[in-house]
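**Student:** Using the hints, build the complex out of the two chains.
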Amino acid sequence: MLISGALAGLMAINNVMGEASRLVLNAVEGAGFIGIAVALMGRSHPFGVFLAAILFGFLYQGGAELALWTSIPRELIVVIQALVILFTGALDNMVRMPIERLFRIARGRG
Amino acid sequence: MDLATLVQILDSSLRLATPLLFACLAGLFSERAGIFDIGLEGKMLAAAFLSAAIAAVTGDVWLGLGAGILASVALALVHGVASITFRGNQLISGVAINFLAAGLTVVIAQNWFQQGGRTPALSGDARFQRIDLPFAQAVADVPVLGQLYSVLLSGHTILVYVGLLCVPLTWWVLNRTRFGLRLRAVGENPAAVDTAGVSVVGLRFAAVVICGVLCGLAGAYLSTGLSAGFGKDMSAGRGFIALAALIFAKWRPWQALGAVLLFGFLEAVATRFPNLEVAGVAVPVQLMQALPYILTVVILAGFVGKAIPPRAGGEPYVKER
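Just so you know, the protein sequences line up as chains A and B, in that order.
Quick note: the first sequence uses our numbering, first residue 1, plus one each step.
Quick note: the second sequence uses our numbering, first residue 1, plus one each step.
Simulated from the structure, these hints should not be mistaken for laboratory data.
Just so you know, even glycine gets a beta-carbon here, dropped at the ideal spot from N, CA and C.
Be aware that one or more of the hints could be misleading.
With the C-beta cut set under 10 Å, the calculated list includes, among others, these residues of chain A facing chain B [stated by the list, open to error]:
#, residue
1, E75
2, I80
3, Q81
4, A82
5, L83
6, R96
7, I99
The following block holds chain B by itself, in its conformation from the complex (with noise of 0.2 Å):
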């Protein structure tokens, strides 16, 4: 393999690791602050549809970005009144708006566009396009550095780079801000928060609807990004993957964008070598495919330790009387 195929494949893990990383850090709101969501799912394939829909008829990218944001955050609004208000089961409803959102995407792309449950291809302004970034095409022969800045770095959609300043900002208002420190401590303690005056229910919802919006970046980057339209099912396991990931990250911003990054590699390769030969022998296109989630598995079961969640996670929180 010569560097030109790694950067190749560099490049496309950084593309693909994008939904994931975007899922994780909504994931990763949603759980330090005491809600667990495993409806990542569904708000992704939600907002990926419904930001293809509307890109489609408008013929505007960032009209759909906002449609897909809104259909993601009615999605997790609907988990926190659950989980929050009503002090539901948070895994029965995330399971339901998962199903929720695979059931509804197909029949109204069925009712709307009439194609088998997908939208039109997206061309030209309804899609991302890719940023070259300055100087690129000037570097791109220099080697190792230059290739590595105008393949790896350059020429990815806006949401790429929003996704990797994701990183450092969520890092940020965890770690340094007063609404970071209320949130983990919701997460942990939510009777200690509620003595401190701060409305326990308040910073949940603010944890939900954050995990709203990621999660609709997440799914708008998957149809008009990544892709150029929707189609059923498209998200393909990928919020999942994206709650392995936090566990793997055990629950921080850094070590999240490591593990997205690893299991998009995971990913690029797969998609890169469909036929590849080890030692003579032809290794099956499917046992390729499988790859990233055997690895997963292999990943969770052996090398993450033991990881903690959040103490209070998955409880609703009863105000003593």
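Just chain A, with the same shape it has in the complex (with noise of 0.2 Å):
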């Protein structure tokens, strides 16, 4: 629990201190929310959590230069961080299953 506490608060400094130098008005942005997600998506193992980390900073980012530069609205890039989550997270068994079953007819075959 101590770590996590530090891991956090670690996560807020960069924020105020290294992008913006100030405390603006609600500065982490949901990072917290999304941090459950990615850590749910990497699996609770430190590298899958990087791999999840990088995938959800560049929608992220995307989502900030769509909305910039485009009409599209960027809470889209929230719903295309839900269906990441739904698919690889919570219906993984979705794809799983019948792949598992072809495989035994194959092998029940060979």
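**Tutor:** Spelled out as structure tokens, the structure:
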């Protein structure tokens, strides 16, 4: 718990003292929530969490650019993130179960 | 503080507690059946948006209510398919639903109404009107009791009364019907229910759908009863407060009513006294706004005691072969 608190603190310090150099209202912008999703998506493995975090970083920055240069609302990124979480995190068995069955059939024949 | 102020605060805490109550009972049905649901927030948000949008377009609040319930049930079914059929992680699914609703509502609202992710303000028949109970005007002058009746009990929208009726109904369904017994059993020991020849999957889907309907009522009340129209992220963490209330109530309906009334009261006090002075020192607005959440942490950490969730909660049931 203490380590977790310390890491969360590091994240906020990065935003406040690194990016904005001052305390702005709602400085962390919901990163905590996305963090839960990232941790779950990385299957609680440090390297997996790293990969998931990179993916969400891409999506976030891409969304900001989209909102800047086109008329696509920024919230569309949230939808994409949601679908990524849903299909990789919660619905992974939807793909895994048929494939396992295929392999079992293939092994039965071989 | 005089009596009139107190009654007004109680009145608004009843109004603010209603969406929490619906959401809390929704979570109760789902979690008693062994499906953890942190997607209450998302379902409320989706229902709030669609009911406000349909009510704004058609001008009929009942159509809006129906649409809101449909939206919420659709998300509940997604949660059900992910966590029951495909045995996915229920927490991940809930988080995904929250994100999905938070994003989709704003994107669709922006595309539909072009008002920066809001729906147009509702008025007239597009909102739930307040209902005056019989004799409310007549007894309003009676001290104490008359005031309590005419201000506190009378003059709410119909969904408030529906919410209050849902509490004994939930208690009766859970504790006095065969369906309720099976529902509780499936949350404690699904293998036993399966051995008895009752479908675990069917029961859990039923619970998830009931959860969706109740969340739909909560969301529709938020956008068409409590306020007039949908705004971005308008559920404002109420789904999570409802989960906290559910733990506080230890997954029981009457205690859930008490817990949500307490949280509603805290919220009502915070909105009623934005700049309170205690012993000559002005309390900042932000502190008053944060107060319900601070007290949530204090209550959950300090006063709940040992809260034991349903034993099979969060675990997908795999039939033995």
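**Student:** Measuring from the C-beta of A/I80 to each C-beta in chain B, is the shortest one below 10 Å?
**Tutor:** Because about 8 Å separates A/I80 from the closest Cβ in chain B, which is inside the 10 Å limit, the hint holds.
**Student:** So, A/A82 near chain B? Judge it on the closest CB pair being under 10 Å.
**Tutor:** 3 Å, holds
**Student:** Under 10 Å is the threshold here; is the Cβ of A/R96 close enough to any Cβ of chain B for the hint to stand?
**Tutor:** 9 Å, holds
**Student:** Under 10 Å is the threshold here; is the Cβ of A/Q81 close enough to any Cβ of chain B for the hint to stand?
**Tutor:** 6 Å, holds
**Student:** Is the interface hint for A/I99 satisfied, with its Cβ closer than 10 Å to some Cβ of chain B?
**Tutor:** 13 Å, violated
**Student:** Can we keep the A/E75 interface hint, with Cβ of chain B closer than 10 Å?
**Tutor:** 4 Å, holds
**Student:** Would the hint on A/L83 be counted as holding, given a Cβ-Cβ threshold of 10 Å to chain B?
**Tutor:** 7 Å, holds
Hint compliance for this structure: hint 7 alone is broken.
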